[in-house]
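Single-letter residue listing:
There are 2 protein chains.
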Amino acid sequence: MEGKTSYSDLVIIGAGPAGLMAAAWASRQGINARIIDDNAERVQKGRADGLHVRTMEILDSFGLATSIEEKAYTLREICAWNPDAENDDRIRRTQRVLSREEELGRYHQLGIHQGFIEQKFNDLLEAEGRLSVERNIKTVSLDLDKASSTNQNAYPATLRIRRPDEACNRETPNGNGTNLSNSLESQLKGSANIWHEEIIKAKYLLGTDGAHSWTRRQVGLSMTGDRTEKHFGVIDIIPLSDFPDIRISCSIHSANHGSVMTFPREGRLVRFYVQLAETEGEEFDKTKITPDMIVQRASQILSPYKLDYDYCDWWSVYMVGQQYASTFDKHNRIFLAGDAVHTHSPSMGAGMNVSMQDTYNLGWKLGQVIKGIAQPHILGTYTAERRAVAAELMEMDQRMSKFYCEGPTSDAHDYSKFRDEFRTFLSGVGVEYGPNILVPPVRDDKEGAIAEPRNGSYETDQSKLYSEQSLATKIIVGQRLPSHQVMNHAEANIVHVHSVLKSDGRWRVLLLAGDIGQPHQMARLKTVCDYLASPSSFVHIYTPDGGKIDSVIEVLTIHAASRPEVEFSSLPEILRPFDPKLGYDYWKCFANNNHGEEGRFSDAYEEWGVDKNRGCIVVVRPDQHVSYLCELEEIEQVTQYFSQILVRQKLDN
Amino acid sequence: MEGKTSYSDLVIIGAGPAGLMAAAWASRQGINARIIDDNAERVQKGRADGLHVRTMEILDSFGLATSIEEKAYTLREICAWNPDAENDDRIRRTQRVLSREEELGRYHQLGIHQGFIEQKFNDLLEAEGRLSVERNIKTVSLDLDKASSTNQNAYPATLRIRRPDEACNRETPNGNGTNLSNSLESQLKGSANIWHEEIIKAKYLLGTDGAHSWTRRQVGLSMTGDRTEKHFGVIDIIPLSDFPDIRISCSIHSANHGSVMTFPREGRLVRFYVQLAETEGEEFDKTKITPDMIVQRASQILSPYKLDYDYCDWWSVYMVGQQYASTFDKHNRIFLAGDAVHTHSPSMGAGMNVSMQDTYNLGWKLGQVIKGIAQPHILGTYTAERRAVAAELMEMDQRMSKFYCEGPTSDAHDYSKFRDEFRTFLSGVGVEYGPNILVPPVRDDKEGAIAEPRNGSYETDQSKLYSEQSLATKIIVGQRLPSHQVMNHAEANIVHVHSVLKSDGRWRVLLLAGDIGQPHQMARLKTVCDYLASPSSFVHIYTPDGGKIDSVIEVLTIHAASRPEVEFSSLPEILRPFDPKLGYDYWKCFANNNHGEEGRFSDAYEEWGVDKNRGCIVVVRPDQHVSYLCELEEIEQVTQYFSQILVRQKLDN
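Same order as they appear, the protein sequences are chains A and B.
Heads up: take any position in the first sequence, counting from 1, add 112, and you land on this note's numbering.
Heads up: take any position in the second sequence, counting from 1, add 112, and you land on this note's numbering.
Chain A with its partners taken away, still in its complex shape (with noise of 0.2 Å):
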């Protein structure tokens, strides 16, 4: 049958937790895009099973958190165990180590397997109506035109698709004399006849297809790196036993048969990553190993304690190896991420995150430039702001693999040590961008100290703009904001500072107007509030006609007043705009813990080192990362900061 042509401005390449983000952020954003995968299920069984808290709140920012946190298992402690020095055929425990993982961020790491998260997306893409997975497609060929690529109005990528003809299935006609069933008839009909070719005309591409990415393989990106002889098996069980940390993630060590790590999940499943016997000499068969032997392994390594099972969810075997791809894109057309640009050991539950996080990264920025709102040249920060991150997390998971697979060493031991050198970037919290077109660098990078704090306006090379660090000694900019509890004001409801940014792909301004029942403070706040209300500020320029003055840049506001004293409605109207059949917008200003909330929630002003009587101006992006930092004074640096970025839509009045 013959194909027909179709246009797209996205297509996305494999349907798992990757390419799902991606898809997420394109249904939010409300872009032309498809997302197609030749597995006719999602995954069921298996697979990546970790989330850590980054992740976590990215979930939250699509609404996706709370379900998976209710199923999940929770990972609040951590313990080593290692040969009793009496007697090295036993382990015995060495050290028990609390997570702490709310001292990074609201959540904890979690054990839930993959195919209930991307369920998840399934039913986020279903609820919203936009897109949802194509499945059963099979990729024929890709073919990039160069030429066209800067052409932000042409389709430069060529796609051509297989899928199966349902609708030329629904009309092969009844009564024609025989009773075979419409799929058996379709049989034996043949594949020319059942398949349909399709030709999709695409704007950008995205390949989420894994580790043997055929979107890679069609654009001759290669993979680099290392692959060692070291095996393990990775197997999902109901454990029978009774070693007393069944249910605590373990890093286990023996004397004389290797290494085990566990990780409890959902039900009364727990992850097994067992180091296999290496074949002296001869080339590891993968193929003779078996889900027993892999228990049996473990079994030994656990002596004294017994492991036995009656149900196994799943198992795989997997080589300890390092590769990653030398670009992340070919001419910012066409984008590959998660495992199709890097592939590394399972064992710290990094894969699933990092892939997630790539197109986390990834999605708004093609929702904005598909839409007109940004400067295609914002693109380039992917392959720079992601690739650094894989590098970093290929050095993590060869340090790691060599902690794991070389035998008890006193030093190298100390899980508690090891696990605090990485935890912050494991966790995704302590992933730093720029500085890039999307972070300037902060001042002290340039200059070599940190400015004085200075009075009135500030002055600087208006083609340069660096971020103000000291304002907000702990809101790191190229970091993700970190969230911390406010008060509505006009509500009087405590929300996290992460629940009013969700992934909607707008950029927010945060106003900390600092302690405004001060009579000069709120004067600043005025001076600010006439900058935005004034026809060339960010707000007017970037919004297109017609659209509403947040939908691409929306202000929020948080003061350090006692809010008893500082009424609703003496806030400017710019702050909580009007809209005649809706009233007044009540969830854009908030106040930070003050008086009579001492204890009740926390002191966000503190959390973030901003000084009350100061404030400061923070800019962030739709990714919830800190793109910027200024002085109330600097307002008009912010729609400098925003012209190299977004496409003005309205000329100055």
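None of these hints come from the bench; they were simulated from the model.
Quick caveat: nothing in here was measured; it's all calculated off a predicted structure.
Mixed in with the good hints there might be a few duds.
Identical copies carry no separate label here, and so any pair may be met within one copy or between two of them.
[Said to hold, decoys possible] Calculated cross-link-like contacts (lysine-lysine; reagent style DSS-like; alpha-carbon spacing at most 30 Å):
{"no.": "1", "residue 1": "Lys183", "residue 2": "Lys232"}
{"no.": "2", "residue 1": "Lys157", "residue 2": "Lys398"}
{"no.": "3", "residue 1": "Lys183", "residue 2": "Lys660"}
{"no.": "4", "residue 1": "Lys693", "residue 2": "Lys418"}
{"no.": "5", "residue 1": "Lys400", "residue 2": "Lys514"}
{"no.": "6", "residue 1": "Lys638", "residue 2": "Lys342"}
{"no.": "7", "residue 1": "Lys586", "residue 2": "Lys483"}
{"no.": "8", "residue 1": "Lys398", "residue 2": "Lys514"}
{"no.": "9", "residue 1": "Lys398", "residue 2": "Lys418"}
{"no.": "10", "residue 1": "Lys418", "residue 2": "Lys638"}
{"no.": "11", "residue 1": "Lys514", "residue 2": "Lys418"}
{"no.": "12", "residue 1": "Lys614", "residue 2": "Lys232"}
{"no.": "13", "residue 1": "Lys660", "residue 2": "Lys418"}
{"no.": "14", "residue 1": "Lys514", "residue 2": "Lys250"}
{"no.": "15", "residue 1": "Lys418", "residue 2": "Lys250"}
{"no.": "16", "residue 1": "Lys183", "residue 2": "Lys398"}
{"no.": "17", "residue 1": "Lys398", "residue 2": "Lys258"}
{"no.": "18", "residue 1": "Lys693", "residue 2": "Lys398"}
{"no.": "19", "residue 1": "Lys660", "residue 2": "Lys157"}
{"no.": "20", "residue 1": "Lys529", "residue 2": "Lys576"}
Chain A is fixed; fit chain B onto it per the hints.
Relative to chain A, chain B alone:
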């Protein structure tokens, strides 16, 4: 068309919140039940909209709290406005009060419309797949055969219903020469053909069919109480207003125009309860009231602030009055709940809560009696327990109506003081049942003095049981068990006790084992476990053949030892039963906050007023209410307690 006859263990008439709560219990307990409603759809707008702390705890026990909490308005602050002393044409804020619901439980008072809650129950029923609401059902007649009411196997209630005969409509032949649509064709045939009659013989029947209850009329119960001539308008609008507390729940009294109470809601809605002008001498004509009139009246009261609206979601007019029924059941076979047996003014949002709590009280009792687990005489506690609550509600509502309807006087208008009198009852956490067959009296009730602490075993009159309140001074016998955090011993996860007291119909025996790091306390626990393991203990004799040991009564342990000093494997096995396919049960043993964990979570023993060197046993009903408190040595008395309530399934060996 002639009616078929069917049999059902329980028929629920009316699928509002009270009926759906009963249906949820029926679904959870797997009984043969039906729920019917004469409306074609659930409530879409208006009606009840307030949820209190205890109701949220109950909804959480069915897994429904989170999604409701995420969507609802959270009440954290309440303001009182009264005439300005200097100009009584104006109102001014006279009080700002924190709701302080966190002192009562894990939830706040919430504002969300009834239909959303009904939808969550419908979703639960659908997910569990046992029963769902049958709609468009008209009730025709109800008879109760008193003679067979004492026979447990009889179906004494006969309910005749009419339903749209979908099967009949579907069978209308095609191709009969007309091109009428099926539905039009059916209409033309007349109602005699499209309604199908059915006779349902029911063991038990529950009427949750509202203030104008058909069921109540059939059984001839009358309502007694007072009605006034005070009328209020109630309206849900998106307000256009400069009133600064428009998103705060307010009690507002004007000097000359009456009072308004406001309650913000999900989305942008705000509900107003507006006192309407009394018509001198004439009879009040409800039919003349319009939404504009209600809002205009509210606007007068709010002066000098403006109030207008573009969108009105729902409105109604009600007359203040309090009425309730003399009994809530007929021969313990037909029961009534919710508005069917108590009506009052809606302005404190109590109605839906008390109604759901009625059937939360009844549902597990019906389930256990129908399943032959409990003795039928426990059903007598329903009217006793819930009518007392209704009586208290009537009294509260009378005083509250007086507060709103009487003009502002300095004393009556200390809103904070007024609220404090009622908040524990209104929140639902102060509700206390007994003494009765399910809740034995506490010792000092009977003997006029608190018993002295005892050593060794406790001697008592075997025919009478008394709870020893002094063993847990803040676990009030008859009230719901307050929830505090404890740590899962095997997983180190911190959980609320309520999260392990799900509404699944099971009784719980909580062994507060004390500091089992002390040998003598561990010895006490082992004595308890030896008894539990014996064939005559309650976990054996009340469990049906083939049932799991925890299927009727679940034993949960919360010890107060340092968790690292007590290995999971050292806990007696009956506290963590082993299953040959599933392994040990890791979710029944918990540690109180202890060494190294201070500050991370609450100290439950301290909060409950339990001595860590002594401990106690707490028997908790399937509805989380505490029925019995005794010493660890008194474990045999727990069997005695159950002997008056449950049906013995096995003889002692």
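Quick rundown of the hints versus the structure:
no. : hint               : result
1   : Lys183 with Lys232 : both (12 Å within a copy, 18 Å between copies)
2   : Lys157 with Lys398 : within (20 Å within a copy, 61 Å between copies)
3   : Lys183 with Lys660 : between (38 Å within a copy, 24 Å between copies)
4   : Lys693 with Lys418 : between (68 Å within a copy, 15 Å between copies)
5   : Lys400 with Lys514 : within (25 Å within a copy, 83 Å between copies)
6   : Lys638 with Lys342 : neither (64 Å within a copy, 48 Å between copies)
7   : Lys586 with Lys483 : neither (34 Å within a copy, 60 Å between copies)
8   : Lys398 with Lys514 : within (21 Å within a copy, 81 Å between copies)
9   : Lys398 with Lys418 : within (25 Å within a copy, 77 Å between copies)
10  : Lys418 with Lys638 : between (70 Å within a copy, 25 Å between copies)
11  : Lys514 with Lys418 : within (27 Å within a copy, 71 Å between copies)
12  : Lys614 with Lys232 : both (17 Å within a copy, 24 Å between copies)
13  : Lys660 with Lys418 : between (64 Å within a copy, 25 Å between copies)
14  : Lys514 with Lys250 : neither (39 Å within a copy, 73 Å between copies)
15  : Lys418 with Lys250 : neither (46 Å within a copy, 63 Å between copies)
16  : Lys183 with Lys398 : neither (33 Å within a copy, 50 Å between copies)
17  : Lys398 with Lys258 : neither (42 Å within a copy, 74 Å between copies)
18  : Lys693 with Lys398 : between (66 Å within a copy, 28 Å between copies)
19  : Lys660 with Lys157 : between (44 Å within a copy, 28 Å between copies)
20  : Lys529 with Lys576 : neither (41 Å within a copy, 60 Å between copies)
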